[in-house]
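**Q** So you can see what is in the structure, the chains are spelled out below.
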Amino acid sequence: MNEEYDAIVLGTGLKECILSGMLSVSGKKVLHIDRNKYYGGESASITPLEELFQRFNVESPGEKYGRGRDWNVDLIPKFLMANGQLVKLLIHTGVTRYLEFKSIEGSYVYKGGKIAKVPVDQKEALASDLMGMFEKRRFRNFLVYVQDFKEDDPKTWKDFDPSKSNMQALYDKFGLDKNTQDFTGHALALFRDDEYLNEPAANTIRRIKLYSDSLARYGKSPYLYPMYGLGELPQGFARLSAIYGGTYMLDKPIDEIVLGEGGKVVGVRSGDEVAKCKQIYCDPSYVPDRVRKKGKVIRCICILDHPVANTKDALSTQIIIPQKQVGRKSDIYVSLVSYTHQVAAKGWFVGMVSTTVESDQPENEIKPGLDLLEPIAQKFITISDYLEPIDNGIDSQIFISESYDATTHFETTCLDVLDIFKRGTGEDFDFSKIKHELGDEDQ
Amino acid sequence: MATTARSGGNASGSTAQRPNGTQQNKNCQFKLVLLGESAVGKSSLVLRFVKGQFHEYQESTIGAAFLTQTICIEDTVVKFEIWDTAGQERYHSLAPMYYRGAQAAIVVYDIQNQDSFQRAKTWVKELHKQASPNIVIALAGNKADLSNIRVVEYEEAKQYAEENGLLFMETSAKTGMNVNDIFLAIAKKLPKNDGAHNQGAPAGRRLNDNENNRQTNNCCK
Ligand SMILES: Cc1cc2nc3c(=O)[nH]c(=O)nc-3n(C[C@H](O)[C@H](O)[C@H](O)COP(=O)(O)OP(=O)(O)OC[C@H]3O[C@@H](n4cnc5c(N)ncnc54)[C@H](O)[C@@H]3O)c2cc1C
Ligand SMILES: Nc1nc2c(ncn2[C@@H]2O[C@H](COP(=O)(O)OP(=O)(O)O)[C@@H](O)[C@H]2O)c(=O)[nH]1
Ligand SMILES: [Mg+2]
Chain A
1 MNEEYDAIVL GTGLKECILS GMLSVSGKKV LHIDRNKYYG GESASITPLE ELFQRFNVES
61 PGEKYGRGRD WNVDLIPKFL MANGQLVKLL IHTGVTRYLE FKSIEGSYVY KGGKIAKVPV
121 DQKEALASDL MGMFEKRRFR NFLVYVQDFK EDDPKTWKDF DPSKSNMQAL YDKFGLDKNT
181 QDFTGHALAL FRDDEYLNEP AANTIRRIKL YSDSLARYGK SPYLYPMYGL GELPQGFARL
241 SAIYGGTYML DKPIDEIVLG EGGKVVGVRS GDEVAKCKQI YCDPSYVPDR VRKKGKVIRC
301 ICILDHPVAN TKDALSTQII IPQKQVGRKS DIYVSLVSYT HQVAAKGWFV GMVSTTVESD
361 QPENEIKPGL DLLEPIAQKF ITISDYLEPI DNGIDSQIFI SESYDATTHF ETTCLDVLDI
421 FKRGTGEDFD FSKIKHELGD EDQ
Chain B
1 MATTARSGGN ASGSTAQRPN GTQQNKNCQF KLVLLGESAV GKSSLVLRFV KGQFHEYQES
61 TIGAAFLTQT ICIEDTVVKF EIWDTAGQER YHSLAPMYYR GAQAAIVVYD IQNQDSFQRA
121 KTWVKELHKQ ASPNIVIALA GNKADLSNIR VVEYEEAKQY AEENGLLFME TSAKTGMNVN
181 DIFLAIAKKL PKNDGAHNQG APAGRRLNDN ENNRQTNNCC K
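Protein chains in written order, with this note's numbering: chain A, 1 to 443; chain B, 1 to 221.
Bound conformation, chain A alone:
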């Protein structure tokens, strides 16, 4: 370890692994360290099941849930948007070849105490009980407008300026009622609260397009999920980094980040070894004095022996509970994956309920979500701080990622990564550096 590196990356969460891969591909000499024995940090999928029970200080389940090693349980729930940033990164970097995915079978939204399928096509939209008949017609006109909308072609804006007028005005232009607005903003555009209504409509239109483009890619829903759990993603990017010369050390505690003149980083110390470096990239847990708290997220992992009621026995689902439906300021998210993704033993399911904490009784806040999953065989609750760096890292050359936020998908994850890369290297990531060489590899 007593060598000099261009960059040392601390923590093997998804963001750090993507960064490590991008740095190695760009020709940097990278040392990548994790204090844990396993890859993934907060974005690991825990296996075997006994390990999960131990983590939460719950007595080992014995044989009750089948073979422990058939389980890979995510600590943070997220899905990939099929046409989103992470999929683009996976394809451009070639990391996709290490992974296999399945589409999430159904996307649902909570309305009036029940769940309704988010329609995937015209036929489903017509049959849906989310809207009355006239509303359906208005909604259809709205979707056609969004589909035809091109940001660089004002003719498609139809006398509406999406960069000046807000989203509420666009809803009103089509005469959509509150219910339809609710489901469009939260289940299609994936907003967590209603602030978007007062912001320029362009962003919301973009997000609805992302949803429908993602849907168009594989059909059943816009979401993808990797076989064996989300923990495969960081491992895939770590492999990319290693292939391009990155050095990996797990199970290596970091005792000190060594600073030089002007508070600029010069290395890291583990025991009596020091590795020198010009830069550090890390997650908040390695630099507690350089991050601040932005909020809290509650997540509840649930083990079930059944699918969610009224989902046609889907083996994977996402359910969004829009804030207003349950008198909250932020949405509650429910996700379900199962043995079909190799994350649970045969016949078992893993549900997850999560939301941004709004009160001092967070466990009560997720009740509407838990109710959808009952009966629940076993629950594990975590409440974690959402941390962000106190500065942009330029002076110290210590670049810190934000905690994984409450969003359902990886769009914010990718934006954070691309932003950190640019701050650290002074340039945008050049995808063309990889494609060529990986092509050679496959001959």
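Worth flagging that the hints you see were computed from the coordinates, not collected in a lab. Honestly, I wouldn't trust all of these hints.
What follows is a set of in silico ranges between Cβ atoms, one per label pair, in the way DEER data are often shown [as the list claims (entries may be wrong)]:
#, chain 1, residue 1, chain 2, residue 2, range
1, B, 50, A, 313, 44 to 50 Å
2, A, 195, B, 91, 42 to 48 Å
3, B, 184, A, 306, 46 to 52 Å
Incomplete in silico selection of chain A near chain B, CB under 7 Å [said to hold, decoys possible]:
#, residue
4, 91
5, 235
6, 238
Here a beta-carbon is modelled for each residue, glycine too, at the ideal position from N, C-alpha and C.
For chain A, the structure is supplied; the task is to place chain B with the ligands on it using the hints.
**A** Relative to the frame of chain A, chain B with the ligands by itself:
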């Protein structure tokens, strides 16, 4: 769901019709991983098998950790998708994803190095615990060209392999001795019936768009 051949996955077992319409050829694709301590010759074995080359002072090859090679046995075209470690074994940091879903593994040790043989045994245990139950494992005692300075006896390794149901050969990436043979032995032992062996294996999809048009069955020269 996609049903085409893929890695990390299954022998596709698809039966390709020849243009003349009479002869049938089965195509199978298998993920094969190399395991073993650093510097025992894993990358060298792959390079010898895939490209017929050997480099005395080879630095770990950047960018090449995923190669394919095709061999034919009887009426079956077997395509190996070969995963090298990319050096992640060096500090015991190999990701479980690396050997996940592998249908075959070559566990390599260096006949001049007792520790590497012990480490190989640890890998075999790990595979029996973590990998798919039907995985075909071969043990390779590499650097057989240096057998005059060996420390691991042939008989000892052979007996260990038999007790644990492993294929076994001493190989030399340098001379090429037994390199093709060990891959061939694995190919023979792998089940090639139409996917019957892989119930329970995942049936996910790859995300690249050109997943069903890579044909590599002109290997039988
Ligand atoms: C399984 C699951 C778990 C969840 N867990 C939680 C949780 O624990 N807590 C919680 O509060 N919520 C959770 N959610 C819900 C999630 O937070 C919201 O659905 C939504 O993602 C919130 O979006 P946002 O307003 O924060 O915007 P963000 O998700 O922050 O916005 C996404 C970012 O991506 C970019 N972006 C989005 N769409 C596009 C587009 N079309 N084109 C270009 N860029 C785009 C935007 O610029 C934006 O910065 C979960 C959802 C699921 C499915
Ligand atoms: N004499 C001899 N040297 C070998 C043989 N195989 C590999 N080597 C050498 O051993 C070193 C390590 O080989 P490498 O393939 O990089 O090992 P890896 O770390 O297991 O991938 C290199 O210097 C090779 O040239 C062999 O069969 N015989
Ligand atoms: Mg090697």
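**Q** The structure should be examined with respect to each hint, and the outcome stated for every one.
**A** Verification of the hints:
1. In this structure the hint that residue 50/B and residue 313/A lie 44 to 50 Å apart at CB holds, the actual value being about 46 Å.
2. For the pair residue 195/A and residue 91/B, the beta carbons lie near 47 Å from each other, so the given range of 42 to 48 Å is met.
3. Between residue 184/B and residue 306/A the beta carbons are some 48 Å apart, a value that agrees with the proposed interval 46 to 52 Å.
4. Hint status for residue 91/A: holds, given a least beta-carbon distance of 6 Å to chain B, under 7 Å.
5. The restraint placing residue 235/A at the interface with chain B holds, with a minimum CB-CB distance near 4 Å, inside the 7 Å limit.
6. Of the supplied interface hints, the one on residue 238/A holds, with its beta-carbon coming within about 6 Å of a beta-carbon of chain B, less than 7 Å.
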